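*Asks:* So the chains spell out like this:
There are 2 protein chains.
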Amino acid sequence: MTTKSSKIVMARRFDGMPQVSDFALQEETLAPLEDGDVLCETVWLSVDPYMRSYSRNMKEGDVMMGQTLSKVVESRHPNYVVGDLVLYYSGWRDQYVVKNPDDPRPWPLQKVNYIPEGHPSTLSLGVLGMPGATAYFGLNEICKPVKSGETVVVNAAAGAVGAVVGQLAKSQGCRVVGFAGTDEKVEYLRELGFDEAVNYKTMGSLEDVLCSLCPNGIDIYFDNVGGSFSDTVMSHMNQFGRVSVCGCISQYNNTGQSIGPRLQGLLISKQIRMEGFLVHRWKDQWMECMEALGALVREGKMKYRETTVDGFERAPEALIGMLQGENIGKMIVKCQSGGSGGDGDGDGEQCKQ
Amino acid sequence: MTTKSSKIVMARRFDGMPQVSDFALQEETLAPLEDGDVLCETVWLSVDPYMRSYSRNMKEGDVMMGQTLSKVVESRHPNYVVGDLVLYYSGWRDQYVVKNPDDPRPWPLQKVNYIPEGHPSTLSLGVLGMPGATAYFGLNEICKPVKSGETVVVNAAAGAVGAVVGQLAKSQGCRVVGFAGTDEKVEYLRELGFDEAVNYKTMGSLEDVLCSLCPNGIDIYFDNVGGSFSDTVMSHMNQFGRVSVCGCISQYNNTGQSIGPRLQGLLISKQIRMEGFLVHRWKDQWMECMEALGALVREGKMKYRETTVDGFERAPEALIGMLQGENIGKMIVKCQSGGSGGDGDGDGEQCKQ
Chain Y
6 MTTKSSKIVM
16 ARRFDGMPQV
26 SDFALQEETL
36 APLEDGDVLC
46 ETVWLSVDPY
56 MRSYSRNMKE
66 GDVMMGQTLS
76 KVVESRHPNY
86 VVGDLVLYYS
96 GWRDQYVVKN
106 PDDPRPWPLQ
116 KVNYIPEGHP
126 STLSLGVLGM
136 PGATAYFGLN
146 EICKPVKSGE
156 TVVVNAAAGA
166 VGAVVGQLAK
176 SQGCRVVGFA
186 GTDEKVEYLR
196 ELGFDEAVNY
206 KTMGSLEDVL
216 CSLCPNGIDI
226 YFDNVGGSFS
236 DTVMSHMNQF
246 GRVSVCGCIS
256 QYNNTGQSIG
266 PRLQGLLISK
276 QIRMEGFLVH
286 RWKDQWMECM
296 EALGALVREG
306 KMKYRETTVD
316 GFERAPEALI
326 GMLQGENIGK
336 MIVKCQSGGS
346 GGDGDGDGEQ
356 CKQ
Chain X
6 MTTKSSKIVM
16 ARRFDGMPQV
26 SDFALQEETL
36 APLEDGDVLC
46 ETVWLSVDPY
56 MRSYSRNMKE
66 GDVMMGQTLS
76 KVVESRHPNY
86 VVGDLVLYYS
96 GWRDQYVVKN
106 PDDPRPWPLQ
116 KVNYIPEGHP
126 STLSLGVLGM
136 PGATAYFGLN
146 EICKPVKSGE
156 TVVVNAAAGA
166 VGAVVGQLAK
176 SQGCRVVGFA
186 GTDEKVEYLR
196 ELGFDEAVNY
206 KTMGSLEDVL
216 CSLCPNGIDI
226 YFDNVGGSFS
236 DTVMSHMNQF
246 GRVSVCGCIS
256 QYNNTGQSIG
266 PRLQGLLISK
276 QIRMEGFLVH
286 RWKDQWMECM
296 EALGALVREG
306 KMKYRETTVD
316 GFERAPEALI
326 GMLQGENIGK
336 MIVKCQSGGS
346 GGDGDGDGEQ
356 CKQ
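For the record, the sequence lines run as chains Y and X.
According to my numbering, the first sequence is numbered sequentially starting from 6.
According to my numbering, the second sequence is numbered sequentially starting from 6.
Just chain Y, same shape as in the assembly (with noise of 0.2 Å):
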């Protein structure tokens, strides 16, 4: 028996944003399931910032890489049941065979079986996936260690990662300010707990307001964007302040090498470490992360939203879409309607594009 699969290529390079053009919806025949084989349907798909820079990667006609949350629907491995909830690095499939389950490289067929009891199964993309570890561990081992009482400035602050870390400074007792980009997300921001939230768009001068909500400095700075706006919050960085280099959104798409102030003068003279990182370096510590934020997840001490869009071949809208800052919380794509979770139980609230 085969199959009959779709996947979505990078039909063309990008360059600067990408368009939804740039993409191509192909089908695939998958081979008949060999002893050890796992057969499953992604039910959803995540869109994340760090598909825009590994895109540089990539050939035309590669797959789009990523992560799914997919259900097993046949199975020739004794692992795995059909009916089980799994994340894969699968790439952008609505249908695929995992012929080595237990490979770690990039990351085994990981079973989602460590939800919190009435919060969906996307979480598993979103805090209690990826994005929820890269703040965890961007946060407490970047920047370690964070102190009660220290300024915590965070950009993209309404996304999967800044929305995550902002809870958590907060819940170690930090005074967190958070920027994002329309004033629905800056509501969203104070929902959680930010002490200050800023609309970056509409504030006019970064500094004056950095002057004013961080009087006494700023001892962490979780960057996802980059840019100018890093220049800018650095110049307010205090002694043995710690940047966590998480993202720099804000030049994925550029087209050219982007300049700004050298630093070096000022890491030296405020003693700063500033350090980029990928999350996967954490891979042993993967399931104490789960635990320590599943326990606020279910304290209600870690609140959540989703944006989703719906249907498979949408995933380069939501791509582009995520690019564009159109989310609150973690951007995801339903790619099946029987799909479980990501339908705003729990304590999470959903916005439908």
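One or more of the hints may lead you astray.
No copy is singled out in the list; a pair is fine if it fits within one copy or between any two copies.
[Stated by the list, open to error] The calculated DSS-like cross-link candidates involving lysine-lysine, where the alpha carbons are at most 27 Å apart (straight line), are:
#	residue 1	residue 2
1	LYS275	LYS149
2	LYS275	LYS288
3	LYS175	LYS288
4	LYS116	LYS64
5	LYS275	LYS308
6	LYS64	LYS275
7	LYS116	LYS288
Because the hints were derived from the structure by calculation, they are not lab data.
All of these numbers come straight from a predicted model, not from anything done at the bench.
Please arrange chain X on chain Y, whose structure you already have, making use of the hints.
*Replies:* Relative to the frame of chain Y, chain X by itself:
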């Protein structure tokens, strides 16, 4: 009894590279000693790169900052006797009264009694002083863990800090590539055991040099220079590379804001840690460091050289010369003909200017 003393002040704010005419020699009268006071006569004066950047915080008429190696000539304090050699942040003065020798701010009056036999006491201003500690902590703490086999790049490598960094890294099994600005300095780096030494003024393209000399990339970058040199080095860093941001001497005399490539994307993809520091952070571990460096000096594994300028009144020339790269090893100013040390005994060689 009153004592006449000389001091050198910043008479005019520096605009770009300091000029001799920006300084002025002034006389002052020291008050008689009271109980607890110590009168010191400067024997050697240190000129260091940090003075150029710190001068931005000085007013016209302020005494130039800096450390001296001095001799106690009168003491009304039980812990100091006439003839003691002492280090002090006295500023550029040929005689001075220390009112409270134990005051730890910025640093107490420190006896120089820890220099290995057969080596000059002036090492307390170099390898066995602030510059040595800068190299030691800046490498071992900021870049930790320093692993055998790693590739280390250091610039201003023939200077007081760089030469120690290179030898320390060699003693830990690293492969060390040093950059300096004259063929004589390059020759000196080879004598010190650097694996590769390059004259950056005549090398042509740094990009090509790094491709050739660091074919496996760079793990540790000890940066004394900053600017475009750093931009290029950074692009050759390996995964988990560490950058010790010690100085940016290429930028100190800039009159405007210098700009260069934005590094965030690079920091993320290579997971680079970049940290600036001021060496007094490790005040509590100072003497451990001096013991470790002293042991290397004693064993002949830490060589040094000094460049001396004769005459207290020539300190401005010495500072300017050092900023222009005229020194090999530590640049010091001989203030008293009767001064002990600094005369090229031990393993040290000396260049007089």
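*Asks:* Each of the hints needs a verdict: does it hold here or not?
*Replies:* Structure-based check of all given hints:
no., hint, result
1, LYS275 to LYS149, "both (17 Å within a copy, 20 Å between copies)"
2, LYS275 to LYS288, "between (32 Å within a copy, 17 Å between copies)"
3, LYS175 to LYS288, "within (25 Å within a copy, 33 Å between copies)"
4, LYS116 to LYS64, "neither (31 Å within a copy, 66 Å between copies)"
5, LYS275 to LYS308, "neither (34 Å within a copy, 32 Å between copies)"
6, LYS64 to LYS275, "between (42 Å within a copy, 21 Å between copies)"
7, LYS116 to LYS288, "within (15 Å within a copy, 51 Å between copies)"
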